[in-house]
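Sequence lines, in order, name chains A and B. Take 1 as the starting number for the first sequence in the numbering used here and just add one per residue. Take 1 as the starting number for the second sequence in the numbering used here and just add one per residue.
Treat each hint with caution, since some may be false.
One copy or two, it doesn't matter: identical chains are merged, so the pair holds either way.
Claimed, not checked - Restricting the straight-line Cα-Cα distance to at most 25 Å, the calculated cross-link-like pairs of lysine-lysine (DSS-like) are: (1) K285 with K60; (2) K285 with K259; (3) K283 with K60; (4) K283 with K99; (5) K166 with K43; (6) K148 with K63.
These are calculated hints, taken from the structure and not from any lab test. A quick note: this is a predicted structure, and the numbers were derived from the prediction, not measured.
Given next are the chains, with one letter for each unit.
2 protein chains.
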Amino acid sequence: MFIRKLFYGWKDEYQKDVRYGLKGKKLFEHKSKFQKITIFESKRYGKALLLDNCWMTAEKQEKQYHECLVHPALSSAEELNNVLIIGGGDGGSARECLKYRELKQLKLIEIDKDVIEISRKYLSGIGNNCWSDPRLNIQIDDGIAWVKQVKDNSFDAIIIDGSDPKGPAKGLFNKEFFHNCKRILKSKGVFAAQTESPEAFERTHIESVKVIREVFKNADPLYGNVPIYPSGWWSWTFASESSRRYLNPIIARSNQISKTCEFWSPRWQKGSFDAIPAHLERKLKS
Amino acid sequence: MFIRKLFYGWKDEYQKDVRYGLKGKKLFEHKSKFQKITIFESKRYGKALLLDNCWMTAEKQEKQYHECLVHPALSSAEELNNVLIIGGGDGGSARECLKYRELKQLKLIEIDKDVIEISRKYLSGIGNNCWSDPRLNIQIDDGIAWVKQVKDNSFDAIIIDGSDPKGPAKGLFNKEFFHNCKRILKSKGVFAAQTESPEAFERTHIESVKVIREVFKNADPLYGNVPIYPSGWWSWTFASESSRRYLNPIIARSNQISKTCEFWSPRWQKGSFDAIPAHLERKLKS
Chain A
1 MFIRKLFYGW KDEYQKDVRY GLKGKKLFEH KSKFQKITIF ESKRYGKALL LDNCWMTAEK
61 QEKQYHECLV HPALSSAEEL NNVLIIGGGD GGSARECLKY RELKQLKLIE IDKDVIEISR
121 KYLSGIGNNC WSDPRLNIQI DDGIAWVKQV KDNSFDAIII DGSDPKGPAK GLFNKEFFHN
181 CKRILKSKGV FAAQTESPEA FERTHIESVK VIREVFKNAD PLYGNVPIYP SGWWSWTFAS
241 ESSRRYLNPI IARSNQISKT CEFWSPRWQK GSFDAIPAHL ERKLKS
Chain B
1 MFIRKLFYGW KDEYQKDVRY GLKGKKLFEH KSKFQKITIF ESKRYGKALL LDNCWMTAEK
61 QEKQYHECLV HPALSSAEEL NNVLIIGGGD GGSARECLKY RELKQLKLIE IDKDVIEISR
121 KYLSGIGNNC WSDPRLNIQI DDGIAWVKQV KDNSFDAIII DGSDPKGPAK GLFNKEFFHN
181 CKRILKSKGV FAAQTESPEA FERTHIESVK VIREVFKNAD PLYGNVPIYP SGWWSWTFAS
241 ESSRRYLNPI IARSNQISKT CEFWSPRWQK GSFDAIPAHL ERKLKS
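Next up, chain A with everything else stripped away, as it sits in the complex (with noise of 0.2 Å):
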């Protein structure tokens, strides 16, 4: 009993005076070319993900964020042949946008091998059968130089499922990275990153989709929750050219995808698209 209780304690992620933690124990840590990676098994939420101290995902506490960021885009996407993740290395993005019949071929970019083997490994439940899908291509690469080099018109949704914008992800923050974006986004295909919380990083946020509206002729962000996260309260930021497509889910798609959520459903969509506090109703207009 003695020795169990010297391997639990608290593991915190601190931002700006205050701080959230999860009991457990630290099962794994590695330091690869980009960052910090630690794997640590929490009582409450199964084993967690780590990047440099800040919570990534837990195995039972994944699904709003991964639901949240992929089904906007792909319930409302005019087709979906093909379908690009930059980030995402736990492979909970993937899994989501595997769902989709009719999604052809998926391309995945992380930048960093060691997000991939280490949650293969220890996370095993939240990429779930996606690592052994025939329609995932997994590519190591830097995904704002890669996006460059692609040709104009070549994917029907992209998600940007990055960390915060320091460390490895800082570029996937920039205008010139969505400009790239929106090039190779085929018209009536969308777009979705996470855009960090109002409330812990509000600046942060609020440039995110000032700069995502810059770019695309449409964006607007959806708000929910990520306990995990600083505040618990999250963003995801949605743009298509065409049109506000991502606000309407195609009916015969979220027929197929509602039933296997457990946050996602297009009535939540559609109130998240409108719980937006007042005060950043009124520092996005401006």
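Chain B: place on chain A using the hints.
Just chain B, lined up with the frame of chain A:
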């Protein structure tokens, strides 16, 4: 410098192997007849109130809670002659109610007079001018017993602003109490209650909504965010006998109130009633 550091530390709320902490220093602690009352000066959110080591409110992070609890009810009730708050000793809900110029009388029943006294002294920005508003009538009493002796159809709106269902707030989550609230509420009045976190206290949340639905003909949960509460994801439930009138703010009132709000707006409210996670929608139907 060394001495200053000695005073600063972390204060955490612990729930189910998760902790949420703020950096700062304890200013005051007192054991009242009902609970431990702590005032903590946090670096991030200013002075904060804890009851029995749980975060209740903080100067710079209380509007999302109080605006979301009060305005869906008060913007939609038929009249605002008499409004009742049970709990709410920090004054935040009273402040939001008193924004309505047509409100004539506001009764606040708080069980613990020390919460009011300490809030008035340390958190004066939360109650603000409410304490000197002649429309406010404070009574120190047990709200659960008090409602039993109130005449039928006495109030236009009832706001239940209690803490978690343990300690003095336990009886605020049961059927007999809700029945009394319905009895003393006018049929075109609106009932509002905080109904806990759909994540950290999922079972309590679901049971509360179900019981309120057994008592009132119409009742719906609304979902939002209070970062200092467990999981950051919170809910409030609104009910009315005559119709789901709480879904539709009266325009003249919402025009008056919106300008003063940081979080609440008719658009935010509309979205937040729909932003119900798929698994909860299924559980609430069953």
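Consistency of the hints with the structure:
In the homo-oligomer, the alpha carbons of K285 and K60 lie at most 25 Å apart only across protomers (23 Å), although the nearest pairing inside one protomer, at 37 Å, exceeds that limit. Taking CA atoms no more than 25 Å apart as the test, K285 paired with K259 passes between copies only; the shortest distance there is 15 Å, against 36 Å inside one copy. Within a single copy, K283 and K60 get their C-alpha atoms only as close as 34 Å, which misses the 25 Å cut-off; across copies the closest is 18 Å, which meets it. In this homomeric assembly, K283 and K99 come within 25 Å of each other (Cα to Cα) only across copies, at 23 Å, whereas the closest approach inside a single copy is 36 Å.
Taking the shortest alpha-carbon separations for K166 and K43, only the inter-copy value of 24 Å comes in at or below 25 Å, while the best intra-copy value is 29 Å. With identical chains, the CA atoms of K148 and K63 are never at most 25 Å apart, being 31 Å at best within one copy and 44 Å at best between copies.
Violation of the numbered hints given earlier is confined to hint 6; every other hint is satisfied by the structure.
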